[in-house]
Structures are given as C-alpha cells and as structure tokens.
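Peer 1: So the chains spell out like this:
2 protein chains.
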Amino acid sequence: MPVKLISSRDNSLYKSLKKLAQSARERRKSGKALLDGVHLIVAHTERIGPPEMLVVAHAAQDKPEVRGLLERLPDVALIVLSDALFGELTPVDTPSGVLAQVALPELPLPQALQCVVLLEALQDPGNLGSILRSAAAAGVDAAYLSPGCADAWSPKVLRGGMGAHFALAIREDVDLVAAAQAFAGEVVVTSLQGEISLFDLDLSGTVAFVIGNEGAGVSQTLQQAATRRVRIPMPGEVESLNAAAAAAVCFFERVRQRQSTLAP
Amino acid sequence: MPVKLISSRDNSLYKSLKKLAQSARERRKSGKALLDGVHLIVAHTERIGPPEMLVVAHAAQDKPEVRGLLERLPDVALIVLSDALFGELTPVDTPSGVLAQVALPELPLPQALQCVVLLEALQDPGNLGSILRSAAAAGVDAAYLSPGCADAWSPKVLRGGMGAHFALAIREDVDLVAAAQAFAGEVVVTSLQGEISLFDLDLSGTVAFVIGNEGAGVSQTLQQAATRRVRIPMPGEVESLNAAAAAAVCFFERVRQRQSTLAP
Chain X
1 MPVKLISSRD NSLYKSLKKL AQSARERRKS GKALLDGVHL IVAHTERIGP PEMLVVAHAA
61 QDKPEVRGLL ERLPDVALIV LSDALFGELT PVDTPSGVLA QVALPELPLP QALQCVVLLE
121 ALQDPGNLGS ILRSAAAAGV DAAYLSPGCA DAWSPKVLRG GMGAHFALAI REDVDLVAAA
181 QAFAGEVVVT SLQGEISLFD LDLSGTVAFV IGNEGAGVSQ TLQQAATRRV RIPMPGEVES
241 LNAAAAAAVC FFERVRQRQS TLAP
Chain G
265 MPVKLISSRD NSLYKSLKKL AQSARERRKS GKALLDGVHL IVAHTERIGP PEMLVVAHAA
325 QDKPEVRGLL ERLPDVALIV LSDALFGELT PVDTPSGVLA QVALPELPLP QALQCVVLLE
385 ALQDPGNLGS ILRSAAAAGV DAAYLSPGCA DAWSPKVLRG GMGAHFALAI REDVDLVAAA
445 QAFAGEVVVT SLQGEISLFD LDLSGTVAFV IGNEGAGVSQ TLQQAATRRV RIPMPGEVES
505 LNAAAAAAVC FFERVRQRQS TLAP
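Residue numbers (the working numbering), protein chains in the order written: chain X, 1 to 264; chain G, 265 to 528.
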C-alpha cells in the first residue's frame, strides 16, 4: 500500500488531526478522537473494531510493536508524519510513535443497569482516567459525567483509562440530579459525615455511586438527590482520600459483597 | 515586623528557594522542602511545628487565608517575592501565593510496625501522592520507597499527599527486598495471577503491602520476597487497575477486616 508522508504544517489532514488532539470541542463536533499508543489501539480494535486511520511517526515505522500493529490492520488507511509534526500531536514526553483516529464509541446501556457511577465536575484528567479504569475492572455498567467534568476523550483521560473507554458506557453532559432521581436503586454519596459505614451498607443490589469534584465535593442538590450518605472509615490521622481512591474503594467493596453473597 | 521584599533573580535567598523547588538532589542535600499553599502549611504546623520560613507573593499578601496564616505564625521569618519571582517557584497554574520552607520531617517508626507499604519504582508523582494520602487515612504506619521512586518531597507529591507526609513515616532509598525479608508479618503483593483473593486473606494482623511500578509491576526478586500473592477480583471486562487505586483497595480492605474483627 502506498503510504502518504506528511511533513508540512499546512497539510489539511495534519491540521484536522491537530485540532482533534487539542480541542474537546472539535472532538465533540466531529464525533472523533485520537488514541495514543499500541495498547489503546489494540483495545479499541478488539472491543469496537478497527480505527478509521493510523498515524505513524517517521522514526517509529520500524519499531516492532508498531510494525506488528500495522500488519494486524492492513486495510486501515495509514499516514506517516515527520517526527516533528507527530510530536505536536501528542502531549506525552516519550511518544509511542503511533496514533489512531476513531469515531467516539457510544456503548449501549444494558437494559437493566446494575451499577453506575455519577461524576460531578471531576476536573483532573488523571483522576477521571483512573476512575473509568477502576469502574471497568469492577464491572460498573456506565459512567455519567456532569457538565464541567474533564473531557473523557482527551489524550490524558484515554491514557489513564487504559481501555476502559471501550468496555464501559460513557455519557457526558448528563444532568446528574435528574439521573439520580430516575435511578432505580440506591444512590450512594460518600461523605465524612455519612450516617453509615460503607462496609455496613448492602451494596450487592442496584447501586449508583456519586463522586464529587476534587475540591468542592458533591453539590448540595446532588447530595439531596442521593438516597444514602456513607462514610469510608478512616482510622488514620488524616481524614482525606483522593477522588479516584475513594471511587476504587467503593467499587471494590461492592465486588466483595457480591462475591460473598453469591458464594455457596 | 519589617518584611523583606525581593524582586531580583540574583538574590541569594531566592536562588536557594528556586533550587529547593526544582531539584530533588538539593532537597536531599539540604534536608529541606517547600510546601505550597495554606492547607499543607497548616498541616505541617499542627503535626510537626511551624515552618522555618514563609514566602508570600506580593499580590497575595492581602488574601484573607494568607493573612490568617501570617497572623497564626507571627514568629516565623517572612519574605515577600515579586509575583514574577514567586511564579517561578511553583508549578501550579493558579498559585496559592504562599510557600513555606521546612526541614524534611523524619517521623519515627512505631516500635511495633502494624502495617507498611513498600513502593517499588513508582514513578508518577500523582500516584505517589495519592498512595501516601490513602495510607495515612487508612492508618498505615510507614511508607518505604525504593530507589527509582519519584521524590516524595516534590511539590506535586506533597500536593497529592494533602498532609499525609506529616502523619506517616516515610523512608526513601530503601532496599525493599531486605525490608520484606526482615518484616515480621505477611508481605502481600497483588498480581493478576495471585493464588488467593484479597478478600479471602486475613489482613487483620501485621501486613506489608507491595505496590509496583506502573508499567513493569513488581520485580521478580521482590515478588519472591513476598509471602503472599493475592489477586483483586475484577469481574469487569478489563483486568487492570491504576497503582494508586489498587493500593487504596488493599489498604481499606484491611480497615474493613479489622473493624469486623474488633466489632462485638
């Protein structure tokens, strides 16, 4: 297959890739995103299908893992960028050398939602990626993001998610208060003043976990829409958890309870 | 108290602060670090004592929270930096306007260690800060860091720790294999191939948790020094957790087990 080599910043394809890399608005408008690195591209291929286009840095063409990927996806359009241009598309210090353009997948919601996570104004991309990753591993069905959350399809969040984006239904710009009110199960918010310990609440049924903004926590209106305020017991001398750590503790306490419920 | 205003990059005090802000080697050599923001400075003051020096940005002198801090610490040496100089000392996009120079606290180890975390070549400062924060909240006694870990006293790790650095004994450049071999309890490493579920292992006694590098995981030699390989059950479609999320799940499963053991 003849491969197109692009080394000019004026190239229109390069310009559209750069917009996708840098602008959440552009990703939303076009319904597309860029995946950085072999791991994410393989995860997308296995769970959703092949990407629309592969973009390789000139210097990376002969890397074994890039070569393997190209051999696996012989029918996907391929362009090669000069290393300087490629470097401008990726915020990573050590570029992987390969990107893929994909359509934003909209995974269907299961008919009966068992577990969702409601993320309110979560601003740190690292936290958001980690929460999506934990949720996918714990078998959470869906993540609903409020307006004001970091863009779920930004390069940093995709990297942190490590493939979770293709295993979990993600919905952005969701009215979380309405979602909480409509939810057919417990809506659980964690709070230092929670009336019950996370470990004493039955989480084995249908549950929505609410995770709030890193600084401000969960808004009053969303707290009021919750059915349960739980506290994570903290016997240490600091009463404080990172949002992503608190989410992981909640998700996996549910995993534990369901396993002990199902055990003989 | 007359306050010194510094606006020259050639000022020797400014130069020493800048080294402290930027260089792990300098922090180690001098045994000092910089704390950024009122929250960390108050946490240090309450748990360790007042800082050696306060550094305020010219524009921040009249912020109520900065003013309150200065009134609380009237005997601490104070310097004021021009906003441009202050901005060069802090990597944060929205500077707090106040820094403190402190001696690196070396919190004593308890006589009988109940729970420690061994961190091997953990490289992401956000992960490291989050793990220290979770550990302090869960009542872990100490964190041992291998060579190759991110510097525990860098601005990013301090920010992520949210005061954990003053509630938890931290030791850097530790030979973790030797520490694991000398440890008087279970040494638990998580692994996708672990022979027992985290939820089925008795964690209520003396436990060391091993957390490995984000990419490479735990080294073979350290795995061999562990007494238990556990898996965190992941019913979802992705078998993968961020290091800080995995650590939080382990720490709080121990909290849960100890509470149910101690309950009447």
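Note that these hints are calculated values from the structure, not bench results.
Since the model is a prediction, treat every value here as computed from it, not as a measurement.
Errors might be hidden in some of the hints.
Said to hold, decoys possible - Taking lysine to any residue pairs in the SDA-like style, the calculated list, with each CA pair at most 20 Å apart, reads:
{"no.": "1", "chain 1": "G", "residue 1": "K327", "chain 2": "G", "residue 2": "V302"}
{"no.": "2", "chain 1": "X", "residue 1": "K156", "chain 2": "G", "residue 2": "Q286"}
{"no.": "3", "chain 1": "X", "residue 1": "K19", "chain 2": "X", "residue 2": "G87"}
{"no.": "4", "chain 1": "X", "residue 1": "K4", "chain 2": "X", "residue 2": "Q61"}
{"no.": "5", "chain 1": "X", "residue 1": "K156", "chain 2": "G", "residue 2": "E478"}
{"no.": "6", "chain 1": "X", "residue 1": "K156", "chain 2": "G", "residue 2": "K283"}
{"no.": "7", "chain 1": "X", "residue 1": "K156", "chain 2": "G", "residue 2": "G479"}
{"no.": "8", "chain 1": "G", "residue 1": "K420", "chain 2": "X", "residue 2": "N213"}
{"no.": "9", "chain 1": "G", "residue 1": "K296", "chain 2": "G", "residue 2": "L277"}
{"no.": "10", "chain 1": "G", "residue 1": "K283", "chain 2": "G", "residue 2": "L349"}
{"no.": "11", "chain 1": "X", "residue 1": "K18", "chain 2": "X", "residue 2": "G31"}
{"no.": "12", "chain 1": "G", "residue 1": "K420", "chain 2": "X", "residue 2": "Q61"}
{"no.": "13", "chain 1": "G", "residue 1": "K420", "chain 2": "X", "residue 2": "S240"}
{"no.": "14", "chain 1": "G", "residue 1": "K296", "chain 2": "G", "residue 2": "Q286"}
{"no.": "15", "chain 1": "X", "residue 1": "K156", "chain 2": "G", "residue 2": "L277"}
{"no.": "16", "chain 1": "X", "residue 1": "K156", "chain 2": "G", "residue 2": "L349"}
{"no.": "17", "chain 1": "G", "residue 1": "K420", "chain 2": "X", "residue 2": "G87"}
{"no.": "18", "chain 1": "G", "residue 1": "K420", "chain 2": "X", "residue 2": "G215"}
{"no.": "19", "chain 1": "G", "residue 1": "K420", "chain 2": "X", "residue 2": "P91"}
To be verified - Where chain G lies over chain X, by a calculated footprint (3+ residues, C-beta under 8 Å):
{"no.": "20", "stretch": "31-42"}
{"no.": "21", "stretch": "107-119"}
{"no.": "22", "stretch": "130-136"}
Yeah, the Cβ is synthetic: ideal placement off N, Cα and C, and Gly gets one too.
Peer 1: Does each hint fit the structure? Answer for all of them.
Peer 2: Against the structure, the hints:
1. G:K327 / G:V302: It holds: about 11 Å lies between the C-alpha atoms, which stays within 20 Å.
2. X:K156 / G:Q286: 24 Å, violated
3. X:K19 / X:G87: 14 Å, holds
4. X:K4 / X:Q61: 13 Å, holds
5. X:K156 / G:E478: Holds, because 15 Å separates the two Cα atoms, which is no more than 20 Å.
6. X:K156 / G:K283: The given pair, whose Cα atoms are some 29 Å apart, is violated under the 20 Å limit.
7. X:K156 / G:G479: 16 Å, holds
8. G:K420 / X:N213: Satisfied, since the Cα-Cα distance of roughly 19 Å is no more than 20 Å.
9. G:K296 / G:L277: 14 Å, holds
10. G:K283 / G:L349: Holds, because 13 Å separates the two Cα atoms, which is no more than 20 Å.
11. X:K18 / X:G31: 15 Å, holds
12. G:K420 / X:Q61: 35 Å, violated
13. G:K420 / X:S240: 17 Å, holds
14. G:K296 / G:Q286: 12 Å, holds
15. X:K156 / G:L277: 37 Å, violated
16. X:K156 / G:L349: 30 Å, violated
17. G:K420 / X:G87: 25 Å, violated
18. G:K420 / X:G215: 16 Å, holds
19. G:K420 / X:P91: Holds, at roughly 18 Å.
20. 31-42: violated (count 0)
21. 107-119: violated (count 0)
22. 130-136: holds (count 5)
In this structure, the hints that do not hold are numbers 2, 6, 12, 15, 16, 17, 20, 21, in rising order.
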